[in-house]
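Protein chains in written order, with this note's numbering: chain A, 744 to 902; chain B, 744 to 902; chain C, -15 to 61; chain D, -15 to 61.
Keep in mind the hints are simulated off the structure, nothing from the lab.
Everything numeric in this text was worked out from a predicted model, so none of it was measured.
Among the clues, some could well be false.
In silico lysine-lysine, DSS-like type, Cα no more than 30 Å apart, as pairs [stated by the list, open to error]:
id, chain 1, residue 1, chain 2, residue 2
1, B, 806, A, 767
2, B, 796, D, 7
3, A, 872, A, 791
4, A, 750, B, 806
5, A, 788, A, 880
6, B, 872, B, 750
7, D, 16, B, 864
8, B, 767, A, 767
9, A, 788, B, 872
10, C, 16, A, 788
11, C, 16, A, 880
According to the in silico footprint, chain B covers these stretches of chain A (three or more CB under 8 Å from chain B) [what the hints assert, rightly or not]:
id, region
12, 767 to 773
13, 814 to 828
14, 870 to 876
Here's a subset of chain A near chain B, in silico, CB distances under 8 Å, partners left out [as the list claims (entries may be wrong)]:
id, residue
15, 810
16, 833
17, 834
Glycine included, C-beta positions come from ideal geometry on N, C-alpha and C.
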Amino acid sequence: MRQLENKLFLITNEEISIQDVVNKVVHPNAGAINTFIGTVRELTKGKKTIYLKYDAYESMAEKKLAQIGSEIQQRWPEALVAITHRIGRLDITDIAVVIAVSTPHRADSYDASRYAIERIKEIVPIWKKEHWEDGEKWIGDQLEKTAYPTGKPEEEHLS
Amino acid sequence: MRQLENKLFLITNEEISIQDVVNKVVHPNAGAINTFIGTVRELTKGKKTIYLKYDAYESMAEKKLAQIGSEIQQRWPEALVAITHRIGRLDITDIAVVIAVSTPHRADSYDASRYAIERIKEIVPIWKKEHWEDGEKWIGDQLEKTAYPTGKPEEEHLS
Amino acid sequence: MIKLLFFAELEEIVGSRELTIEKGELTIVELKQFLKEQYPTLPVDRAMIAVNEEYVEDTNVIKANDVVALIPPVSGG
Amino acid sequence: MIKLLFFAELEEIVGSRELTIEKGELTIVELKQFLKEQYPTLPVDRAMIAVNEEYVEDTNVIKANDVVALIPPVSGG
């Protein structure tokens, strides 16, 4: 277990400890740590979620999280990044993802953390299924999502 | 103690638990929690810090943190905000401040969290004294800081 | 022999996360054509394709023993 | 009687965090003038002024029993 928890980029079935993810990016040269915590929201477009199930292509998802880490270090060379995403059943207010980014100065920590969550939503093979009182649905099968005619997602600027 | 720890806007002499601050903003309508964690950095402009001491006008500082919370809720009505700032002696990598902001959607959590740290640096009566091997100095007594000829800091846009 | 992986709604439509097909080299375009014939309801064109855990273009060629995953639009985070 | 509070380097210059002065009503401008005379090295003009824990303008009037704090540029966070 200890080995798994030490991975900077981790898919897990267990509850995520914010402190554990933050500890991975603590550094004497870091003055700022930004974390993004994604939690399960009860209402989405007026519809009440009972619980979510997350599934992942685990080995590839960890590789893609690591790729996001590399992309961040190219843009913000002094940044340290750790990301843990949980899969399995999650109830309302449970933590699905924790991103932690440390940088010497605060502005970069915000920008790099924001970059990470946008890229997760573009390239990391993780899916959620919403369970409502009257049904269930894999999210990602949404009309507003674009198809990928080239088979490959392009790197996009944050909107 | 328990009562103090439950305050949304808190000045404390104790170590800050990130989880405790985050717990104060967890909510079924929140899908995103952004936290900013300020840690003690070893190097500032090439100078090596041994430790810091933070002091505060505690009662007023808590009021000003609460004011920042109100300002955020005016701008982002669905945001929940909690801020804890530590005072006393802090060593390298110790946590000085934790800001947690929850919102239904992620963009607002980043913007509101960033707003909070910028406002803390403008209006909250907290001071740090850097201790180096060869001396010490109250920060805030910096040349790049402007004087306040009107006696009152104006609300500024984030730079 | 090529190993195929299906996730999320694709897994539910195919009825299995993993399939093995007896093919030699073929392009992504050819694989997609094959899958459309086998599973007419499978939204193949809305999926990204990963070969050995890396996203690839439609023109890429799949070789024997590759692991090919159909990745529907992701929704992590 | 007015209570004065000094913080950070101001506290070190004055030698005390808290002072009481025997004054009745006076403006912030008058208070600053008084402090400059008493403590010539005190950087009064670089401080913000808070009365009863709220920042005030220079034209504000301090009344008996008010708590007046000199707030040097802050450096929290």
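Verification of the supplied hints:
Taking the CA atoms of residue 806/B and residue 767/A, the gap is near 33 Å; set against the 30 Å cutoff, the hint is violated. Among the hinted pairs, residue 796/B with residue 7/D is inconsistent with the structure: their alpha-carbon atoms are about 34 Å apart, more than 30 Å. Straight-line distance between C-alpha atoms of residue 872/A and residue 791/A comes to about 13 Å, which keeps the hinted pair within the 30 Å bound. The hinted pair formed by residue 750/A and residue 806/B fails the criterion: a straight-line CA distance of about 41 Å is larger than 30 Å.
With a CA separation close to 14 Å, the supplied pair residue 788/A and residue 880/A stays within the 30 Å bound. Distance check on the hinted pair: residue 872/B and residue 750/B sit about 26 Å apart at the alpha-carbon level, within 30 Å; holds. Simply put, residue 16/D and residue 864/B have alpha-carbon atoms about 24 Å apart, close enough for the 30 Å limit, and the pair holds. Between residue 767/B and residue 767/A the alpha-carbon distance is near 23 Å, which keeps this suggested pair within the 30 Å criterion.
Proposed proximity of residue 788/A and residue 872/B is contradicted: the alpha carbons are some 49 Å apart, above 30 Å. Among the hinted pairs, residue 16/C with residue 788/A is inconsistent with the structure: their alpha-carbon atoms are about 34 Å apart, more than 30 Å. For the proposed pair residue 16/C and residue 880/A, the alpha carbon gap of about 24 Å is at most 30 Å, so the pair holds. Counting residues of the region 767 to 773 of chain A whose CB lies closer than 8 Å to any CB of chain B gives 5, which reaches the minimum of 3, so the coverage claim holds.
Beta-carbon proximity to chain B at under 8 Å applies to 0 residues in the region 814 to 828 of chain A; the threshold of 3 is not reached and the given coverage is violated. With 0 residues having a Cβ less than 8 Å from any Cβ of chain B, the region 870 to 876 of chain A misses the three-residue criterion, and the hint is violated. For residue 810/A, the interface hint is violated, the least distance from its beta-carbon to any beta-carbon of chain B being 20 Å, above 8 Å. Hint on residue 833/A is violated. Least Cβ distance to chain B is approximately 12 Å, over the 8 Å limit.
For residue 834/A, the shortest C-beta to C-beta distance to chain B is roughly 10 Å, which exceeds 8 Å, and the interface hint is violated.
Checked against the numbered hints given earlier, the structure breaks hints 1, 2, 4, 9, 10, 13, 14, 15, 16 and 17 and satisfies all the rest.
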